[in-house]
Amino acid sequence: MDPAKETKTSALPAYIKRLEDAIGKENVKTSEFERLLYSHDLAPLPKEAQLAFKNIPDVVVRPRSTEDVQKIVKIAADEGVPITPRGSSTWGLGGSIPAFGGILIDMSGGMNKILKIDNENLYVTAEAGATWKQVYEACLSKGLLLGSYPSSFPSATLAGWISTGGIGIGTYKYGSAGDNIRNLEVVMPDGDIINTGFDEVCANSSGYNLNWLMVGAEGTLGVITKVTFKLVPAPETMRPLSYAFNDLVSMGPALTEVCRSRVEPLHISFGDGRHYELLRKAGKHAPEVGSMLSFMLEGDADVVKHEEQVIDKIMENQGAKKMPDDVAIHEWEERCYEYRSREIGMGAIPGEVVVPLRAFSAMASATYDLMEEMKMEGAVIGIMADRNTVMFMPYYLFDSESLLKSVVSLSFNKKYSDLAFEHGGRPLGFGMFFASNLKTIRGNSVKYIKAIKNAIDQKGIMNPGKLIETVTRQGIHVAPSLFEIGMDALAIAKKILPRDQEVDEKAAEYQVEKAEKEKKGPMR
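Going by numbering that gives the first Met the number 0, the first residue of the sequence shown is number 0, and it counts up by one from there.
These are calculated hints, taken from the structure and not from any lab test. If you're wondering where the values come from, they're calculated on a predicted model, not measured in any experiment. The beta-carbon is built from N, C-alpha and C at its ideal position, and this holds for glycine as well. Fair warning: there could be bad hints in the mix.
EDC-like cross-link-like pairs, simulated, lysine to aspartate or glutamate; straight-line CA separation at most 20 Å [unchecked claim]: (1) K304 <-> E276; (2) K320 <-> E376; (3) K172 <-> D299; (4) K321 <-> D385.
If you anchor each label on the Cβ, the simulated ranges turn out as follows [as the list claims (entries may be wrong)]: (5) E315 <-> I193: 48 to 56 Å; (6) D301 <-> S480: 51 to 59 Å; (7) I451 <-> S249: 43 to 51 Å; (8) S249 <-> R63: 51 to 59 Å; (9) L481 <-> G318: 19 to 27 Å; (10) E421 <-> S480: 37 to 45 Å; (11) A454 <-> L481: 43 to 51 Å; (12) D385 <-> S249: 40 to 48 Å; (13) E315 <-> I495: 42 to 50 Å; (14) S64 <-> R386: 22 to 30 Å; (15) F420 <-> A488: 15 to 23 Å.
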């Protein structure tokens, strides 16, 4: 199927009726209101985007079983209708919104059950639409630890983070989204149901590793329906630590020394003073620091105590101030709410890049220069993905009600990607908006990536217009060179526009509204 070829209106009743017969009319949604709910993800998207992409699905389906998903995929293959798998859409690059309408499969409603926690063989199996928090807490209640999960784990679904190849909480010690997978159940584009690994043992052997084929595929190769993760015994103790620095740039040497020691924290994160200032403007409790570096230690009590002593010594030698326990505990409890400052009523778009640790200070400094150059109000947060990989996640606030601001602000991510390349790193994720980056990042290997996609998804129905290349609803293939020109033009426009100044105004309005609500008391 040519993904740019839109589904004919006259064909809609035929395949929608087939869907209703296959999985039940109550699980097939066609109202305009419900379809509109699925036309965007974490990032705000101006309605004018419909000129380039058909972001509103023609129909939303909510399967209750793997067999339901199989029926949906077979109908889509028969009819030549595009499929967009979706979890909670806590990502912001357009990977889980349609590019060409068609069928959107909502996995978060009817396929969110934990199926088995096996204490003897140390694994958990759950449906793809279950949240990471749901699975994490269920395992912990059984004395088992799921090593890593996304920062959006209260709402993010299992298959969603796997499909983005994510980096998150616990990645430093236990690995990324794919490292803890034992097995996946996947419905392939032809309707076949496969298992990519094994529940009780690792999949490492000769032969192509199908687990990793699905990790980071952004739903372009199949629909993940079940996931089996390996687990470890729960730790005896967990100990959060936080240290204040004068600024983010000066944090580099201390962070490097920790990562070059034998200490192995569960998680390492950082935030700059601007981040905490924006939180305070949103009425949140936040320390007044130039920047802060935080750790979560876990394991046997004696080991944790030793690691804390080592980190304390490094931080002291590097001029950092150890923060009180209540600050460290609060930082850990807030680990999943990095963008609370949005509550003042602003739009926020995060950037995500990785660079080698040696470039930490230079990248931090360059980030501030870029934000100043583009007249943006924002902050810098991030984590350590492993001992040599820093993930920077700057975010900026803007007036999302302004079409012009919404469009030109997208250019920041492209310019920030350029900075990552200059410092030996790369951007993370492609989705719909940055699929043209694939060639820039992967080079000559792109032809093999496309060959895999075309071989597995021969009718081109699986999440078309994502990851591999950006294609508009008019059939225009956005080449990397065209993408570069367009984004550079938007960046020039952003630099010409007046500085973003809405944050203080919105914060003041937010505080007044909040005070008025508190005066009125709870609704009865």
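How the hints compare with the structure:
{"no.": "1", "hint": "K304 <-> E276", "verdict": "violated (32 Å)"}
{"no.": "2", "hint": "K320 <-> E376", "verdict": "violated (27 Å)"}
{"no.": "3", "hint": "K172 <-> D299", "verdict": "holds (15 Å)"}
{"no.": "4", "hint": "K321 <-> D385", "verdict": "violated (23 Å)"}
{"no.": "5", "hint": "E315 <-> I193: 48 to 56 Å", "verdict": "holds (54 Å)"}
{"no.": "6", "hint": "D301 <-> S480: 51 to 59 Å", "verdict": "holds (58 Å)"}
{"no.": "7", "hint": "I451 <-> S249: 43 to 51 Å", "verdict": "holds (45 Å)"}
{"no.": "8", "hint": "S249 <-> R63: 51 to 59 Å", "verdict": "holds (54 Å)"}
{"no.": "9", "hint": "L481 <-> G318: 19 to 27 Å", "verdict": "violated (48 Å)"}
{"no.": "10", "hint": "E421 <-> S480: 37 to 45 Å", "verdict": "violated (19 Å)"}
{"no.": "11", "hint": "A454 <-> L481: 43 to 51 Å", "verdict": "violated (27 Å)"}
{"no.": "12", "hint": "D385 <-> S249: 40 to 48 Å", "verdict": "violated (23 Å)"}
{"no.": "13", "hint": "E315 <-> I495: 42 to 50 Å", "verdict": "holds (47 Å)"}
{"no.": "14", "hint": "S64 <-> R386: 22 to 30 Å", "verdict": "violated (42 Å)"}
{"no.": "15", "hint": "F420 <-> A488: 15 to 23 Å", "verdict": "holds (19 Å)"}
Of the numbered hints listed earlier, those contradicted by the structure are 1, 2, 4, 9, 10, 11, 12, 14.
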